[in-house]
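Engineer: Spelled out, the chains give:
Number of protein chains: 2
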Amino acid sequence: MNVKFSNRMEKLKTSEIREILKVTQNPEVISFAGGLPAPELFPVHEIKKISSLVLDEMGPESLQYDLTEGYVPLRKQISERMNRVYKTELSEKNILIVCGSQQGLDFSGKVFIDKGDVILCESPTYLGAINAFKAYEPEFIEVPTDDFGMIPEELEKILNQRHDVKMIYVIPDFQNPTGKTWSFERRKKFMEVIEKYKIPVIEDNPYGELRFSGEILPSLKSLDNLGLVVHLGTFSKTFCPGLRVGWICASEHILEKYILIKQGADLHTSSFSQRIISKMLENYDFEERLSKLKELYKKRRDLMIFEMKKKFPKNLKYTNPDGGLFTWVELPEGFDGRKFLEECLKNNVAIVPGGSFFPNGGHENTFRLNYSNMSEEKIIEGINRLSKVLNEFEY
Amino acid sequence: MNVKFSNRMEKLKTSEIREILKVTQNPEVISFAGGLPAPELFPVHEIKKISSLVLDEMGPESLQYDLTEGYVPLRKQISERMNRVYKTELSEKNILIVCGSQQGLDFSGKVFIDKGDVILCESPTYLGAINAFKAYEPEFIEVPTDDFGMIPEELEKILNQRHDVKMIYVIPDFQNPTGKTWSFERRKKFMEVIEKYKIPVIEDNPYGELRFSGEILPSLKSLDNLGLVVHLGTFSKTFCPGLRVGWICASEHILEKYILIKQGADLHTSSFSQRIISKMLENYDFEERLSKLKELYKKRRDLMIFEMKKKFPKNLKYTNPDGGLFTWVELPEGFDGRKFLEECLKNNVAIVPGGSFFPNGGHENTFRLNYSNMSEEKIIEGINRLSKVLNEFEY
Numbered sequence: 001m002n003v004k005f006s007n008r009m010e011k012l013k014t015s016e017i018r019e020i021l022k023v024t025q026n027p028e029v030i031s032f033a034g035g036l037p038a039p040e041l042f043p044v045h046e047i048k049k050i051s052s053l054v055l056d057e058m059g060p061e062s063l064q065y066d067l068t069e070g071y072v073p074l075r076k077q078i079s080e081r082m083n084r085v086y087k088t089e090l091s092e093k094n095i096l097i098v099c100g101s102q103q104g105l106d107f108s109g110k111v112f113i114d115k116g117d118v119i120l121c122e123s124p125t126y127l128g129a130i131n132a133f134k135a136y137e138p139e140f141i142e143v144p145t146d147d148f149g150m151i152p153e154e155l156e157k158i159l160n161q162r163h164d165v166k167m168i169y170v171i172p173d174f175q176n177p178t179g180k181t182w183s184f185e186r187r188k189k190f191m192e193v194i195e196k197y198k199i200p201v202i203e204d205n206p207y208g209e210l211r212f213s214g215e216i217l218p219s220l221k222s223l224d225n226l227g228l229v230v231h232l233g234t235f236s237k238t239f240c241p242g243l244r245v246g247w248i249c250a251s252e253h254i255l256e257k258y259i260l261i262k263q264g265a266d267l268h269t270s271s272f273s274q275r276i277i278s279k280m281l282e283n284y285d286f287e288e289r290l291s292k293l294k295e296l297y298k299k300r301r302d303l304m305i306f307e308m309k310k311k312f313p314k315n316l317k318y319t320n321p322d323g324g325l326f327t328w329v330e331l332p333e334g335f336d337g338r339k340f341l342e343e344c345l346k347n348n349v350a351i352v353p354g355g356s357f358f359p360n361g362g363h364e365n366t367f368r369l370n371y372s373n374m375s376e377e378k379i380i381e382g383i384n385r386l387s388k389v390l391n392e393f394e395y
Numbered sequence: 001m002n003v004k005f006s007n008r009m010e011k012l013k014t015s016e017i018r019e020i021l022k023v024t025q026n027p028e029v030i031s032f033a034g035g036l037p038a039p040e041l042f043p044v045h046e047i048k049k050i051s052s053l054v055l056d057e058m059g060p061e062s063l064q065y066d067l068t069e070g071y072v073p074l075r076k077q078i079s080e081r082m083n084r085v086y087k088t089e090l091s092e093k094n095i096l097i098v099c100g101s102q103q104g105l106d107f108s109g110k111v112f113i114d115k116g117d118v119i120l121c122e123s124p125t126y127l128g129a130i131n132a133f134k135a136y137e138p139e140f141i142e143v144p145t146d147d148f149g150m151i152p153e154e155l156e157k158i159l160n161q162r163h164d165v166k167m168i169y170v171i172p173d174f175q176n177p178t179g180k181t182w183s184f185e186r187r188k189k190f191m192e193v194i195e196k197y198k199i200p201v202i203e204d205n206p207y208g209e210l211r212f213s214g215e216i217l218p219s220l221k222s223l224d225n226l227g228l229v230v231h232l233g234t235f236s237k238t239f240c241p242g243l244r245v246g247w248i249c250a251s252e253h254i255l256e257k258y259i260l261i262k263q264g265a266d267l268h269t270s271s272f273s274q275r276i277i278s279k280m281l282e283n284y285d286f287e288e289r290l291s292k293l294k295e296l297y298k299k300r301r302d303l304m305i306f307e308m309k310k311k312f313p314k315n316l317k318y319t320n321p322d323g324g325l326f327t328w329v330e331l332p333e334g335f336d337g338r339k340f341l342e343e344c345l346k347n348n349v350a351i352v353p354g355g356s357f358f359p360n361g362g363h364e365n366t367f368r369l370n371y372s373n374m375s376e377e378k379i380i381e382g383i384n385r386l387s388k389v390l391n392e393f394e395y
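Heads up: the protein sequence lines correspond to chains P and W, in order.
Per the UniProt record's numbering: the first sequence = residues 1 to 395.
Per the UniProt record's numbering: the second sequence = residues 1 to 395.
Hints are not guaranteed to be accurate.
One side only, chain P facing chain W, incomplete, derived with CB under 7 Å [said to hold, decoys possible]:
hint, residue
1, Ser-15
2, Val-44
3, Phe-140
4, Leu-267
5, Phe-312
6, Leu-316
7, Asn-347
8, Asn-348
Cβ-Cβ distance ranges computed for the label pairs, FRET-style [as the list claims (entries may be wrong)]:
hint, chain 1, residue 1, chain 2, residue 2, range
9, P, Lys-76, W, Leu-316, 43 to 51 Å
10, W, Asn-26, P, Gly-59, 37 to 45 Å
11, W, Lys-87, P, Asn-348, 41 to 49 Å
12, W, Val-23, P, Lys-76, 52 to 60 Å
13, W, Asn-26, P, Leu-296, 48 to 56 Å
14, P, Glu-195, W, Pro-332, 52 to 60 Å
15, W, Lys-4, P, Ile-216, 26 to 34 Å
16, P, Lys-22, W, Glu-333, 57 to 65 Å
17, W, Lys-115, P, Val-23, 36 to 44 Å
Selected chain P positions facing chain W (Cβ under 7 Å, derived; list incomplete) [stated by the list, open to error]:
hint, residue
18, Ser-6
19, Lys-49
20, Ser-51
21, Leu-53
22, Met-58
23, Pro-60
24, Cys-99
25, Gly-100
26, Gln-102
27, Gln-103
28, Phe-148
29, Pro-152
30, Gly-264
31, Ala-265
32, Asp-266
33, Ser-273
If you are wondering where the hints come from, they were derived from the structure by calculation, not from laboratory data.
Model, not experiment: these values are computed from the prediction.
Note that CB positions come from ideal geometry on N, CA and C, so glycine has one too.
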């Protein structure tokens, strides 16, 4: 039976990563493809204690319908932490709780984008954001991006030419997929351009707290004098993804649009998940938790980069990120990342070809590696396998 | 700072119910306005035990990223129960887990509706569905509806005239807001029309299991020979709303579109919530739980209807539903439901004016009453207050 779907459905396809992840369910495969945090550090024991405590102390309230905006004490905790860590000036009135920051991406498309509107993004950018935005049928323009972030002069050139730009999407900290972080200088210059042209900015920040070296830099939100920046955060990488709790920070007149969208989309985020996270923040040392995470991820990044240096061919480049979960590999023109993946899978190792991270295609001579989810032993063996394939692969 | 939002944002306004509920936070107010289940029957103690069990038995897996489709054992449990209760023939491949059936409404708009497309619905229909669909900028046509459901001849008349109908939204069991249930005859005739015109149907069924009298009737999904019906279910009314777990049942070629949308919208529903519900279904007697719920709600419905009969003016009509959470009151033309609400709030009692349940306006001479959430004592006192206002109100 052929039924007629909406036009947007023609543009959507399943995330390449999701499809690769299905193959990597096979325990023989060493997967650097996903973006999963290390499960061995999930606070299983603590969540067990806290779940009981929440139900004992708050009873049925923790299982009832809740405010669309989210649980007020959690929104206060988030705004206070944001102010301390990212130098913002927010109150709970600037916070909406959502089901992971992915939901913040979908809502951003819904709040700002009509069919044909332009979204500017880094080149490359996060695949999951491209997929979320595509449902609103935008045109993507990739802004030239170097090791320090989006290039402000290039951004300004585009904003001068195009008057249908509705939103700019960026990941300034430990970007997915490249692992790169914008410099402080770049952030300031970017915000100068933004304030001149007055375009809303979606600042996606899932990895910001996972910094192994150097100091956390001020967020774009903290440099936002006109209330143009919508900042997305999440507990998926710092606690665990399975509770699906993230947040949106924005000035009140923008946030009220997101709240309207949240009402229609799913009424509110799980009352129980929100209270578990709020109690966790209250009863456990979050800094200590972050230290452990950063220690493990730094060890794995160091090991992966060390093994790559030792074994990878010399004609490729890769990033050595100061935080986050990913490194990004660039090969000479002519390298075919998708064909390369096929060879990798024959050798029981998985990567994500980089092409999917460019909304307008091209750049098949790249791939992304994740170092957070595999044990040290598997990182060594996985890089062995990858090196073998790379050395035999023709391009 | 004025930023430019998408066109859809102009059409969205906050749900009237949400705004009324804010006023009714005042403990002096007796509220028949919401649609909250009775918190005194939430399985707090059981969820406490089950949460521990899930974390003990499944550990980090229950907190990690999950399949977009949902937790396979829960999808099996749902399909088996659907087949038993609603006479469908589904497997887990027909089930997508979502964040409450409200998310199923939003996704239905996204999957089927382009700007200007027509949605047919009952008259009146669920306010939360109207709000969810509005984000996709449809035209609503209300199909004349009587005590037995949507009138098939009227439906066919519209389908003959309009060729831009993309979807039909209905709530055949204990409808929100009227409490009415479609007869079996009506269901069969409706499906005959549907199969002739081949239009997708969204069958929203949050209350179906809460039947106090008579037998559960076959769902539209069970009468769906061509795979046109998308059935929405939820645990919000049978366990508790705060875990935000509902589901979408559809034929595979339709469900795959919803799965794509789910990926972009929020990746997946809480892994932890899904496992809690699955274990609850496994370890506790669901039928016993339903019996208790139905017993309490029947008692409250009986009491509310008894009090209304005794005290309300004789020139109004109301439904006496066989299940669900609501009764619907109709007054003579000229009665102004919104002004009436203002008077009610002055007397510390709340209702929802019926006008909001008609997507194209009008019908202000109606209101909705909820009987599931207030104690017996409050039902008596609340109907007293309402009667007083009604008797003094001019129309």
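Engineer: Please flag the earlier hints that this structure goes against, numbers listed from lowest up.
Structural biologist: Those not satisfied are hints 3, 5, 6, 7, 8, 10, 12, 19, 21, 22, 28 and 29.
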